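Chains as they are written, first to last, in the UniProt record's numbering: chain A, 1 to 363; chain B, 1 to 153.
Hints are computed from structural coordinates only; laboratory data are not their basis.
None of these values were measured; they are calculated from a predicted model.
Note that beta-carbon positions come from the ideal geometry of N, C-alpha and C, so glycine has one too.
Among these hints, one or two may not hold up.
Said to hold, decoys possible - Selected chain B positions facing chain A (Cβ under 10 angstroms, derived; list incomplete):
| id | residue |
| --- | --- |
| 1 | 41 |
| 2 | 59 |
| 3 | 76 |
| 4 | 137 |
| 5 | 140 |
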Amino acid sequence: MYVAVKGGEAAIAASLHLLDEVRRGDPAVRELAVAQIREQLALAVDRVMAEGSLYDPELAALALKQARGDAIEATFLLRAYRTTLPRFGYSEPVDTERMQVGRRISAIFKDLPGGQVLGATFDYTQRLLDFGLLADEREPAPQPVAAVAGEKAETGVAPALQQLVAEGLVEPAVPSAGDPEPEDITRTPPAYPMNRATRLQMLARADEGWVLGLAYSTQRGYANTHPFAGEIRAGRVPLELVPDELGFAVEIGEIELTECQMVNQFVGSAVAPPQFTRGYGLVFGEGERKAMAMSLADRVLRADEFGEEVTSPAQLQEFALSHGDNVEASGFVQHLKLPHYVDFEAEMQTVRALRQRHREAEE
Amino acid sequence: MEITQEQRRGWLAVLARAPREALARVAGPVLADYAFEWLRRPETGLTMVRARIANGGDRFNLGEATVTRCALRHAGAGGATVGVGYVLGRDAERAEWVAGLDALLQQPALHAPLMAAVIAPLAQAGEARAKERHERAARSRVHFYTLQRGDAQ
């Protein structure tokens with residue numbers, strides 16, 4: 001246990017001042033604007049929004065600037081900020097079928113109804129450093145649009161799995177009886193075992209590295225989900241809510257989301273014919289790696305539902321979910337820096353006494 | 001003239017999606033000519049964004065978003081109308097513009113002229129932005145071919 005201490009005010013003030021200085025870096029280098037971070041380090045911004053569990057690109061960019069680029073510290077700043085705001089309520093469920101897709105791919109259909117759109121992806125880069133970017137200013141070369149000019153803007157793309165669901169080959173996605181109100185872990189502390197909806201809230205804001213590691217463990221043989229990327233889509237989705245003043249839903253703007261529908265291990269029984277199951281991933285912003293990892297983690301955590309043997313850490317709810325919150329994890333690991341003088345002194349006395357007894361026994 | 005819920009949803013969606021600059025350009029001059037009374041001054045808070053499992057199953061909480069809201073009343077020739085402004089983000093002025101226009105658009109005498117002067121151009125600009133985004137993404141539309149074994153050599 002740590003103890004409260006007094007003093008050190010001057011040193012702390014000096015430390016904060018140093019922090020300001022190192023944040024700024026070399027004054028001879030132009031200062032970074034928050035808008036530059038938002039526009040040019042957009043994936044860092046998206047990650048901070050997802051793990052901070054707060055959709056606000058400008059604030060996430062500000063948090064990154066303030067945190068000197070430390071994504072977990074920036075996440076902490078967003079989580080702290082949200083506690084200062086009142087909660088207005090809940091949105092209507094977003095409908096990803098209404099997404100204007102900037103990217104949409106499937107690994108299970110060669111001819112995907114609605115087509116595959118690669119969008120902007122690192123997938124086909126060769127991971128060679130582009131030394132051209134060392135130059136101060138470089139505009140991307142303009143690209144002709146003639147080939148597609150005149151096409152109508154799509155306001156929605158039907159889900160890739162629609163046909164397979166209709167044929168009964170893939171499990172349907174329908175609400176449970178009564179369309180239950182989901183638990184909200186920001187209101188009710190998480191309790192285990194946890195239903196799937198609550199698990200998804202935990203996963204959506206969990207550390208990307210942690211979820212990626214869990215997902216990878218399932219692929220390496222710690223449990224198994226036999227996954228196929230049914231559909232991955234990313235783009236803008238309208239957000240609607242019912243204002244207090246009105247009795248109906250209105251749109252309040254668009255948010256960017258990335259969704260992964262993973263098709264997994266089929267199940268069947270004496271009474272139900274076999275069908276593929278699904279894992280689901282949905283994250284704020286562009287976060288394809290996180291959405292895919294989340295869908296694997298989601299599926300493997302459904303062991304109870306399908307009577308699968310629990311053999312691996314990724315299948316253990318409390319292990320997989322409660323250690324994924326990087327703000328909590330960072331706090332608990334780093335609290336070891338705080339003064340533990342009294343605890344340590346007590347243990348020292350015990351060790352001294354034991355050593356004394358040991359010496360006496362030897363003599 | 002009866003204004004339907006669907007019409008109101010329509011113009012509120014157009015206003016919600018309009019970029020700040022475009023909204024400022026049209027809302028500023030229009031709203032300056034009318035008097036409003038606050039019912040709820042602009043305030044920023046959080047809305048929990050919800051989704052459905054696999055986009056069709058049980059609802060779950062995805063994460064929060066900043067939202068700014070306000071409500072005001074305009075006592076006009078056609079009686080008092082209440083406008084509401086709910087916008088993503090922390091921009092109080094935007095919420096105020098949306099609420100003001102929402103109140104005026106419900107005034108029978110102002111509805112048609114404002115639809116023509118404000119909503120139609122903003123909607124058109126919104127469609128143009130969506131089309132431009134679509135075209136940019138569509139450039140990377142892809143058709144993959146599977147190879148017979150041996151073809152790859």
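Each hint, compared with the structure:
| no. | hint | verdict |
| --- | --- | --- |
| 1 | 41 | violated, 13 angstroms |
| 2 | 59 | holds, 5 angstroms |
| 3 | 76 | violated, 18 angstroms |
| 4 | 137 | holds, 5 angstroms |
| 5 | 140 | holds, 4 angstroms |
Violation of the numbered hints given earlier is confined to hints 1, 3; the remaining hints are satisfied by the structure.
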